[in-house]
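Novice: Protein chains in written order, with numbering that gives the first Met the number 0: chain F, 0 to 291; chain E, 0 to 291.
In case anyone wonders, no lab produced these hints; they're calculated from the structure. Some hints could be false.
All copies of an identical chain are treated as equivalent in the list; a pair is satisfied when it fits inside any one copy or across any two copies.
[What the hints assert, rightly or not] Cut-off 20 Å, straight-line C-alpha distance, at most; resulting in silico cross-link-like pairs (SDA-like, lysine to any residue):
id	residue 1	residue 2
1	K182	E25
2	K196	S184
3	K196	D221
4	K102	Q80
5	K196	N156
6	K4	S262
7	K219	P259
8	K196	N158
9	K224	D197
Just so it is clear, the structure is predicted and the values come from calculations on it, not from any experiment.
Number of protein chains: 2
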Amino acid sequence: MNSPKILDGKSVAAAVLDECRAETAELLTKGIQPGLAVVLIGSDPASQVYVGSKARTCAELGFHSLKIELPAETTQEELLQVVRDLNADPAIHGILVQSPPPKHIDEEAVIREIDPRKDVDGFHPENVAKLVLEDPSGFVPCTPAGCMKLLEVSGINTNGAEAVVIGRSMIVGKPMALLLVSKISNATVTIAHSRSKDLPAICRRADILVAAVGRPEMVKADWVKPGAVVIDVGINRVPDPSKKSGYRLTGDVAYQEVAPLCSAITPVPGGVGPMTIAMLMKNTLQAARQLS
Amino acid sequence: MNSPKILDGKSVAAAVLDECRAETAELLTKGIQPGLAVVLIGSDPASQVYVGSKARTCAELGFHSLKIELPAETTQEELLQVVRDLNADPAIHGILVQSPPPKHIDEEAVIREIDPRKDVDGFHPENVAKLVLEDPSGFVPCTPAGCMKLLEVSGINTNGAEAVVIGRSMIVGKPMALLLVSKISNATVTIAHSRSKDLPAICRRADILVAAVGRPEMVKADWVKPGAVVIDVGINRVPDPSKKSGYRLTGDVAYQEVAPLCSAITPVPGGVGPMTIAMLMKNTLQAARQLS
Numbered sequence: 000m001n002s003p004k005i006l007d008g009k010s011v012a013a014a015v016l017d018e019c020r021a022e023t024a025e026l027l028t029k030g031i032q033p034g035l036a037v038v039l040i041g042s043d044p045a046s047q048v049y050v051g052s053k054a055r056t057c058a059e060l061g062f063h064s065l066k067i068e069l070p071a072e073t074t075q076e077e078l079l080q081v082v083r084d085l086n087a088d089p090a091i092h093g094i095l096v097q098s099p100p101p102k103h104i105d106e107e108a109v110i111r112e113i114d115p116r117k118d119v120d121g122f123h124p125e126n127v128a129k130l131v132l133e134d135p136s137g138f139v140p141c142t143p144a145g146c147m148k149l150l151e152v153s154g155i156n157t158n159g160a161e162a163v164v165i166g167r168s169m170i171v172g173k174p175m176a177l178l179l180v181s182k183i184s185n186a187t188v189t190i191a192h193s194r195s196k197d198l199p200a201i202c203r204r205a206d207i208l209v210a211a212v213g214r215p216e217m218v219k220a221d222w223v224k225p226g227a228v229v230i231d232v233g234i235n236r237v238p239d240p241s242k243k244s245g246y247r248l249t250g251d252v253a254y255q256e257v258a259p260l261c262s263a264i265t266p267v268p269g270g271v272g273p274m275t276i277a278m279l280m281k282n283t284l285q286a287a288r289q290l291s
Numbered sequence: 000m001n002s003p004k005i006l007d008g009k010s011v012a013a014a015v016l017d018e019c020r021a022e023t024a025e026l027l028t029k030g031i032q033p034g035l036a037v038v039l040i041g042s043d044p045a046s047q048v049y050v051g052s053k054a055r056t057c058a059e060l061g062f063h064s065l066k067i068e069l070p071a072e073t074t075q076e077e078l079l080q081v082v083r084d085l086n087a088d089p090a091i092h093g094i095l096v097q098s099p100p101p102k103h104i105d106e107e108a109v110i111r112e113i114d115p116r117k118d119v120d121g122f123h124p125e126n127v128a129k130l131v132l133e134d135p136s137g138f139v140p141c142t143p144a145g146c147m148k149l150l151e152v153s154g155i156n157t158n159g160a161e162a163v164v165i166g167r168s169m170i171v172g173k174p175m176a177l178l179l180v181s182k183i184s185n186a187t188v189t190i191a192h193s194r195s196k197d198l199p200a201i202c203r204r205a206d207i208l209v210a211a212v213g214r215p216e217m218v219k220a221d222w223v224k225p226g227a228v229v230i231d232v233g234i235n236r237v238p239d240p241s242k243k244s245g246y247r248l249t250g251d252v253a254y255q256e257v258a259p260l261c262s263a264i265t266p267v268p269g270g271v272g273p274m275t276i277a278m279l280m281k282n283t284l285q286a287a288r289q290l291s
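Sequences are here, hints too, so could you generate the full structure?
Specialist: Encoded structure:
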């Protein structure tokens, strides 16, 4: 049995945040304080946790941070007006509307209303197009950006590698595939999904396997080529009576059986998760620089 | 030796154009005449041929067609003003700036200036994003749209199929991959390119192989799985002293040796080529409907 390299997202994220902190200090000497606004509609507990941790990270870095909590019954037009006000606010460089909003909100219309120069989530059509066009002035969605950063920092060569991305979402799968196939990364990329035939065989081709489906421990040992690098984007709660909380977190990869086969693997938690928030901060810094 | 189905782009394109003609006649009864403006800068002979054939097809369908020929020394600002005037012209529903423009022109900036609702080439960031987001109100670039139409009309099932696209351009490779992996098509899609390792082995996995690289007869018999469907997007001129013109047209696929292996294949010429212009007309009709 092999001992794989653990791609420690926690420590890589900490290093990214250290860089952000230093850069923020430098910007502050020029009178620029990066500002991130997070808009939360309703009181979903998981969303509140995310929003809280974003605000905390902002504070740690010296960012200006604005948390706007709106009642669940906020109308579309009221929400759009909040976004417009943030677009016009010179102290705010990044705007994020916590997903998912209540059902009566048209999320896509809200995203379109965000000034693309402040769209640090990278979901605005302008930024989606820039990703396809490989224009580095755009914002890359935080989770795939975090995966790429982990690969880069860990010295994993994507050039000519066979990468397989399981999942074709707008938030992870598609942008991840576009990043891997770009002229910077040069991987051969396969996008697989729930409708793919013989998913295990497809995954076994991968030098770099990215799982982003949201199905606990779906990727088994016989899905993985010995020596592969495995990036597990899934964060799933599964019931576990042995835990005080009643559940444990698990990825899309059956870690115990897969890890011994890999040359490198991300744990869950502590792999991709911490990278996402770090890249959000990096995007906000980029916005502050580009807008100043 | 097998006898493959020839995916006859000429006849499929003719059928698409027949539909367009019928729909145009119907729109005319409502006082709407679809209008396409083609802007040509300089006097590149190949571009003139393309522009001429677009104008001819417009005339055949009953479209209003406007050909704007500008001298090679036209400035960026002059060209942008022409685009703005066309954006404002209610008789024009589709705007196309023939590529490639002279070197001093910033083509991307010109594309961004086109009203996305008139961007029948599908290259504007708004339409690129709509393609990624699978929003059918956008315009799909004509060549990949033509390939998809050929597959559809020929009854080729993409669901769960392994598709390999060689080439990662903005005009063909990437949009083709996005169309094939969409929730309508559901193919497992691999994007391969010049930096891929062992391209023949990757291509041999394909149930549907799309070659869009611009290298004459690159795809050989041992690159193709028996029974595969092969879509050849390449149109290359190779010297041929036996021809009056001194050249012949050939695709990216070595047709003679590959065809006997395939279940279906597009010829060059007469495959994807005629589809491109047919889809341009279809896009212009879509624009006329959406703008009216």
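Novice: Taking the earlier hints as the rules, which of them does this structure contradict?
Specialist: Going through the list in order, the structure violates hint 1 alone and respects the others.
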